[in-house]
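Chains as they are written, first to last, in this note's numbering: chain A, 1 to 78; chain B, 79 to 549; chain C, 550 to 838.
Everything labelled a hint here was simulated from the structure, so no lab data went into it.
Predicted, not measured: the structure shown is a model, and the values here were computed from it.
No residue lacks a Cβ here, since even glycine has one placed at the ideal position from N, Cα and C.
Hints are not guaranteed to be accurate.
[Unchecked claim] Non-contacting residues of chain B with respect to chain C, defined by C-beta distances greater than 12 Å in every case (computed): (1) V84; (2) A115; (3) A219; (4) L256; (5) V312; (6) G323; (7) T335; (8) L410; (9) V508; (10) E514; (11) W520; (12) A534.
[What the hints assert, rightly or not] What follows is a list of derived Cβ distance ranges for each label pair: (13) B:R117 to A:H70: 27 to 33 Å; (14) B:D122 to C:Q753: 29 to 35 Å; (15) C:R727 to B:D122: 19 to 25 Å; (16) A:M1 to C:R632: 39 to 45 Å; (17) B:D122 to A:M1: 43 to 49 Å; (18) A:R67 to B:V165: 54 to 60 Å.
[Claimed, not checked] Partial pick of chain A residues on the chain C-facing surface, computed with a CB cut under 7 Å: (19) D29; (20) G31; (21) R53; (22) R55; (23) G56; (24) S57.
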Amino acid sequence: MTLDELPHDAEAVVTSLDGSGPERRRLMDLGLLPGIAVRAERTSPLGDPTAYRVRGSLIALRRSQARGIHVEPGVRTR
Amino acid sequence: MSATGVLENASRLRAELPPDFTDGVVASLFDDADRIARRTVTADSRRARPALDQVLDRALTHRVWGFVVMGALFFGVFWFTIAGAAVPSDLLYRLLVDSGHSWLRGLFVDTGAPGWLTGLLVDGVYLGTAWVVAVMLPPMAIFFPLFTLLEDFGYLPRVAFNLDRVFARSGAHGKQSLTMMMGYGCNAAGVTATRIIDSPRERLIAIITNNFSICNGRWPTLILMGTIFIGSLVPPALAGLVAAGSVVVVAVLGIITTLVVSWGLSRTVLRGETSVYSLELPPYRPPQVWRTIYTSLIDRTFKVLRRALVMAAPAGAVIWLLSNVNVGGASLAAHLVGGLAPVGWLLGLNGIILLAYVVAIPANEIVIPTIMMLTMTLGSVQFGVQGGVMVNLPDAQAGTVLVQAGGWTLLTAVNLMLFSMLHNPCSTTVLTIWKETRSLRWTATATLLPLALAFAVTGVIAAVARLAGWA
Amino acid sequence: MNADLPLPVSRTSAELDTSGGGSCGSCALNNVANLEKLGLHSGRHDFVVALAGNPNTGKSTVFNALTGLRQHVGNWPGTTVSRAEGAYRHQGHAYQVVDLPGTYSLLSTSNDEDTARDFLLFGDPDVTVVVVDATRLERNLNLVLQILQITDRVVVALNLMDEAQRHGITVDARHLARELGVPVAPMSARRGHGIPELLDSVAQVARGGTAPRARVRQRLAPAVERAVDALAEQLVAEFPGLANSRWVALRLLEGDVSTERAVRDGTLGDVGRQHASRRDLVTAGQATS
Ligand SMILES: Nc1nc2c(ncn2[C@@H]2O[C@H](COP(=O)(O)OP(=O)(O)OP(=O)(O)O)[C@@H](O)[C@H]2O)c(=O)[nH]1
Ligand SMILES: [Mg+2]
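Just chain A, with the same shape it has in the complex (with noise of 0.2 Å):
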């Protein structure tokens, strides 16, 4: 399953990032890398982006990136 999926207000971990060079990169640098739990909390009232939680801080994401971050979800973590 892929971020964008994800329904509201449920949580996921991340497994893997699609795509490659600096755009993978920014995406790590927020810290969105394998094994973190991210959790969909607010949609834009227009459907797009969404804003996830990811280590504290509230990061909006266009469906088109969200797609390319697997998660798996359901997992309960710290």
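Start from chain A and add chains B and C with the ligands according to the hints.
Chains B and C with the ligands in isolation, oriented as in the chain A frame:
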């Protein structure tokens, strides 16, 4: 060995490493960060999640309420600015323009200063400057603190979050809405703010369209037009609200123009993929109200005002000279206005307005003073004023002057508002664009495209209005 | 060792300071009166202090508190997009402070982040103050660790302590300092809390008073380590005086475009030369005075 040698060696060494070794580099840093954080931070889980933030976000980015609040805030800020500025503006007029000017003039006459010197300094420089203070200071002193409060609260990124899709659709960067909002204070600041956009293509789009965020220098024009021409169409009880409404409508048209032009650019000369980006939504922070008011007054208001004054003083002199240097029986101003009149007519404006915009290239703030002064000295009805003197005019009287002496109609007012929103950026902004892009081509585009748009839009409206018999 | 410890010393002394007390040993010196804000002050200065950190952590707020200037502060990431300079005097020394745009990492992608990275890497500040958000320590530490790779003259300003407290987050600053090997000053810049402690830490590091522990060195895979060493050696030969050659080498191995460009068009070389000559000047100046 050479620089290329280093690069070659680097790619050779890279080829020997596993392809995903960079991931390992990042991951190991985060592992350390994670480990250290775990050992040093304790979170009280009962208070761990900022609940208030979530409630606020639920409202401010709500499907319906998000937009209602956004519209209300937008309208509220403009309305407060317009309504709140009326009384102090009037006071400043009386103080600086009316009393101050005649006092200063008396002083000059008493000391036996030559007429031209009195004219140039008192009727030109002083009056131009005083006018700008009276027109600009009150709205800015209200707008900047209000805007800064919203900014400190953390609302601006939420606007970007709410409107992202609209901007994405028009091929613009998701952070363009932030730079657009900075443009409401000053377009030069808005252009500098585009550095947060990493893709050069989208940054150019943001730079070119920043002009359509109505900067502070342009509000006085909109407010005056809205008050004397639009507000007067409705019963007095509603006049203020309608006047504010008309300014908001123009501001919204500015946003629509931004989107349309962004769309056009991203489909033609600046074609390309919409780049990915991420936007961090900061926590809401209770603004420090008094400090915000104080600092935004000192920093933003006075900074912008100082700039306006630096521009207004010489402009005052130029206006005075234009209307007092005679060539072939008429003032320079009269010649210029006459020459620009046909174009002005085509655009539903007039020669005076166009001349005012030429004089106001350094700063939009002086458009209205210039128009008023030129209309009174060159208009069809004489007001018995000396050339070059700008007189204290409450709004109602200003309207009379413009209608009777300038032959203004509703079309003139509406087109002036649109022209004000669309026309070329001021010279400071143009310079900033040059500094940021280092490209003559893009600086020229950012200057001329809005101007062409202003001509096209006002021209079409004038033609349609005349054909339909409205004007 | 663990995080249940009460809030660290410097916070307590900040409170003492505001209440006018000065009873504890070192806080007698920790007086805000020691700070003379110099505003723009373009004159001579003894040390250069860079303010770095993630976006929106309060760098400009700290800058304003130190210099008395009024850089734009706003609650959104990206308020500062270019370098701003100011100065202050503390215990007889003049410090130049450089406020930088926020950045998530030293591998920048946008114009404003380039500004920050270039100054940190090649501007050769005497002290780098990394302003971190105490409520988001984990992500902020990522940048701190990156900066620690390029310099050990670092002070961590643990800002937004008031917010952390409100959200029930406690940070053991003393332990953090031990982990990182550099001074950590907890603070609430907006209220001016913790500024005296920050000044002291900066002064210590600037004058070489604290011997920073061997910097946290990133553990790289042995193969990567070897490649970095080889390339760094080559870089130093090519660009004498280049600071942070290992860091640059790692970026080249990663294929970082902007670093490659800097190598190709020689800007890296210029930076190295400036760096070297500036160091010479400083040593010469110290020798004569
Ligand atoms: N509660 C609280 N808020 C703070 C403190 N320090 C800064 N802030 C707020 O944090 C926000 C960001 O502050 P800035 O100084 O603009 O942050 P910055 O790091 O310069 O941000 P960028 O330039 O965008 O990277 C502002 O709204 C400040 O008022 C603090 O100690 N406590
Ligand atoms: Mg800043």
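Results of checking the hints against the structure:
no.	hint	result
1	V84	6 Å, violated
2	A115	4 Å, violated
3	A219	17 Å, holds
4	L256	7 Å, violated
5	V312	38 Å, holds
6	G323	28 Å, holds
7	T335	24 Å, holds
8	L410	42 Å, holds
9	V508	19 Å, holds
10	E514	9 Å, violated
11	W520	15 Å, holds
12	A534	33 Å, holds
13	B:R117 to A:H70: 27 to 33 Å	30 Å, holds
14	B:D122 to C:Q753: 29 to 35 Å	33 Å, holds
15	C:R727 to B:D122: 19 to 25 Å	23 Å, holds
16	A:M1 to C:R632: 39 to 45 Å	43 Å, holds
17	B:D122 to A:M1: 43 to 49 Å	32 Å, violated
18	A:R67 to B:V165: 54 to 60 Å	55 Å, holds
19	D29	4 Å, holds
20	G31	5 Å, holds
21	R53	11 Å, violated
22	R55	5 Å, holds
23	G56	4 Å, holds
24	S57	5 Å, holds
In the structure shown, a violation is registered for the earlier hints numbered 1, 2, 4, 10, 17 and 21, in ascending order.
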